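Keeping their order, the protein sequence lines are chains A and B.
Residues in the first sequence are numbered consecutively from 1, following my numbering.
Residues in the second sequence are numbered consecutively from 1, following my numbering.
By construction, these hints were calculated from the structure, which means they are not laboratory data.
Don't take each hint at face value.
Over the 12 Å line for every Cβ pair with chain B, so calculated as not near, a few chain A residues [what the hints assert, rightly or not]:
(1) P102
(2) V155
(3) R202
(4) I207
(5) V212
(6) A216
(7) M217
(8) G218
(9) I219
(10) R293
(11) F329
Cβ-to-Cβ under 8 Å is the rule here; a few derived chain A residues that face chain B [what the hints assert, rightly or not]:
(12) D139
(13) A203
(14) Q336
(15) E338
(16) S340
Source: prediction; values computed, not measured.
For each residue, glycine too, the CB sits at the ideal point set by N, CA and C.
If you want the building blocks of each chain, they are given just below.
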Amino acid sequence: MMNKINNKKTSLYLNILLIVIFAAVITLLDTNVIGDAYVRRILNLSAIYAIVSVSMNLVNGFTGLFSLGQAGFMAIGAYSVAIFTVPLAERAKIFYITPQNPVLAQIELPFVAALLLGGFLAALVAIMIGVPVLRLKSDYLAIATLGFSEIIRIVFTNIKSITNGALGIKNIPTMPTMWVFFGIAIISIGFMRLLITSSYGRAFKAIREDEVAAEAMGINLFKHKVMSFSIGAFFAGIGGGLLATLFATVDPNQFYFPVTYNFLLIIVLGGMGSISGTIIASFVVTAGLEILRFFDEPLTLFGISIPLFRPGLRMVIFSILLMLLVLFFRNGLLGQKELSWKLIIDLLSGKLPRKKTGEGGGVQ
Amino acid sequence: MLKINDLHVNYGGISAVKGISMHVPEKSIVTLIGANGAGKSTTLKAIAGLVKARNGEILFQGENILGKDAIDIVARGVTMIPEGRKVFVNLSVLENLKVGAYLRKDNIEDDIKRVYDLFPILKQRAWQLAGTLSGGEQQMLAVGRALMARPKLIMMDEPSLGLAPLIVNAIFDIIKEINKQGTTILLIEQNANKALKVADYGYVLETGRITMEGKGMDLLKNEKIIEAYLGSSKK
């Protein structure tokens with residue numbers, strides 16, 4: 001008992017320490033004391049990836065719906081920010097081939113409003129496609145959502161008076177501080193965590209485990225699936241909106257369907273059903289994709305140029321990593337566990353968590 | 001409490017249940033026995049609203065619940081324990097119990113305590129994942145999870161399936177205990193011997209029709225039943 005209380009106190013202190021360190025590091029980066037624009041950009045991108053990956057994990061890992069529509073929902077959020085936050089004066093310059101829709105050309109929204117609007121639009125579209133599509137199971141659902149994501153991209157390429165087509169929208173106002181990305185990431189992920197630990201979250205997990213049993217418990221399968229799917233889409237939209245302001249430009253090709261595979265890789269790596277695992281994997285994968293960039297550049301060793309090193313090798317390496325992961329570490333980094341100080345301390349002191357305590361038939 | 005009149009259920013073009021009628025009085029244990037494919041599970045699923053019946057009548061407390069949603073039926077106080085237990089293996093024992101109380105908005109602490117009193121082993125394993133429990137413990141969890149909804153009627157689909165004989169005895173003791181505490185039970189079983197011993201009344205289902213019915217003890221002595229379901233023990 002005593003031990004437990006001590007553990008709780010230690011965890012609390014360690015948590016406070018962690019938050020302080022985190023805030024300090026972000027502030028130092030923000031004020032340009034450490035790091036440079038490149039590091040900041042990668043970290044901001046990681047924070048965005050964390051939001052989208054957790055949102056995808058909510059749908060795929062916690063509710064057990066194999067959905068691959070994330071890129072499409074991100075596109076909706078990104079275009080909402082792009083269309084509504086570019087200053088009115090610059091609109092004509094951007095839409096120089098096809099003029100912008102006269103109604104939209106007069107609307108400028110503050111960033112937060114445009115971001116939320118993007119989230120809600122993504123959620124609305126998710127409900128609209130979810131109602132027919134969520135009756136499908138596993139791989140059929142994956143194909144349908146993947147198709148949807150492509151449809152969104154193609155539609156956005158073609159409604160030129162709204163999205164400026166393949167030219168994309170440039171000059172999106174950028175954010176002066178990393179806190180925008182990290183703050184929104186913390187709020188979004190915090191919200192999804194609350195949702196998952198609530199009775200709705202338990203219902204999601206019950207549906208993932210066994211639909212028949214869940215229904216027999218009185219859980220409305222369809223309602224919860226649509227709910228999980230649309231909340232997942234909302235935060236993918238938020239992530240997309242942040243991406244637009246980070247890059248200051250959007251075009252349809254940023255939301256080509258392989259983008260979704262990055263998030264799939266992240267949630268498989270971090271653990272389907274683990275929020276903390278997903279966050280860690282988001283940073284590892286985003287940074288990893290940058291670090292592995294030297295594979296894409298021609299390499300000359302001792303005067304011999306190695307023919308393998310050419311653009312695209314990075315993705316080959318990534319694919320191989322993904323295959324190894326699926327073959328040997330199917331549960332990912334954390335499986336369905338959440339990272340806690342207890343877990344870290346146990347790991348460090350060599351007390352690996354007990355796996356199964358199956359003492360069969362211990363009933364009488 | 002539950003009255004079924006001329007229930008028909010089809011799967012595609014094949015009729016699985018061909019007009020059965022039965023009655024489950026309040027606070028009783030009624031069993032439906034029969035061989036594989038006789039239509040036992042289909043009957044239960046039709047009552048629970050998990051499959052749609054073609055026609056007939058299912059009266060629960062005087063109201064026809066045929067064609068109602070599964071959720072509505074659970075809310076009225078009918079809970080099913082599906083065949084093969086179907087506990088949520090990647091959820092902890094406590095989470096499983098909480099899911100069982102999903103439709104309730106009131107305080108569930110007392111009910112959790114009640115389940116723990118019935119099954120002390122579940123309290124010990126509250127934080128363990130349900131998948132790490134033994135078969136018998138999982139069955140107990142399935143029963144406990146069903147109790148969390150505070151049902152008036154619990155329907156059990158083959159609770160003894162795949163369990164060791166000693167555990168089967170324990171499960172049947174629990175069924176009697178829950179019944180004594182005031183819950184009506186509709187039990188379907190292949191283990192006819194055990195089921196008829198605890199049941200007040202029994203029905204025998206053969207290829208979608210009820211071929212025999214009677215008090216549990218009477219059916220146990222019935223020669224046809226001894227021959228077909230209990231194994232011949234005349235010599």
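Hint-by-hint comparison with the structure:
1. Taking the minimum C-beta to C-beta distance to chain B, about 48 Å, the non-interface status of A/P102 holds against the 12 Å cut.
2. Taking the minimum C-beta to C-beta distance to chain B, about 36 Å, the non-interface status of A/V155 holds against the 12 Å cut.
3. Its beta-carbon lying about 5 Å from the closest one in chain B, A/R202 breaks the requirement of being farther than 12 Å from that chain.
4. Interface exclusion of A/I207 from chain B breaks down, the closest Cβ pair being 9 Å apart, not more than 12 Å.
5. Not every CB of chain B is more than 12 Å from the CB of A/V212 (nearest about 6 Å), against its label as outside the interface.
6. With a least CB separation of 5 Å from chain B, A/A216 falls inside the 12 Å interface cut-off, contrary to its annotation.
7. Annotated as non-interface, A/M217 brings its C-beta within 12 Å of a C-beta of chain B; the closest such distance is 5 Å.
8. A cut-off of 12 Å between C-beta atoms contradicts the statement that A/G218 is not in contact with chain B; the least separation is 3 Å.
9. At the 12 Å boundary, the C-beta of A/I219 falls inside the reach of chain B, the nearest C-beta of that chain being 6 Å off.
10. Annotated as non-interface, A/R293 keeps its C-beta farther than 12 Å from every C-beta of chain B; the closest such distance is 37 Å.
11. Non-interface call for A/F329 relative to chain B: holds, since the shortest CB-CB distance, roughly 17 Å, exceeds 12 Å.
12. Interface hint status for A/D139: violated, as the beta-carbon distance to the closest one in chain B is roughly 21 Å, over 8 Å.
13. The beta carbon of A/A203 comes within 6 Å of a beta carbon in chain B, closer than 8 Å, and the hint placing it at the interface holds.
14. Satisfaction of the interface hint for A/Q336 is found here, the shortest Cβ-Cβ separation to chain B being roughly 6 Å, below the 8 Å cut-off.
15. A hinted interface residue such as A/E338 counts as satisfied when its beta carbon comes closer than 8 Å to some beta carbon of chain B; here the least separation is about 13 Å, so the hint is violated.
16. Taken as an interface hint, A/S340 does not check out: its beta carbon lies about 13 Å from the nearest beta carbon of chain B, beyond 8 Å.
Hint compliance for this structure: hints 3, 4, 5, 6, 7, 8, 9, 12, 15 and 16 are broken, all remaining hints hold.
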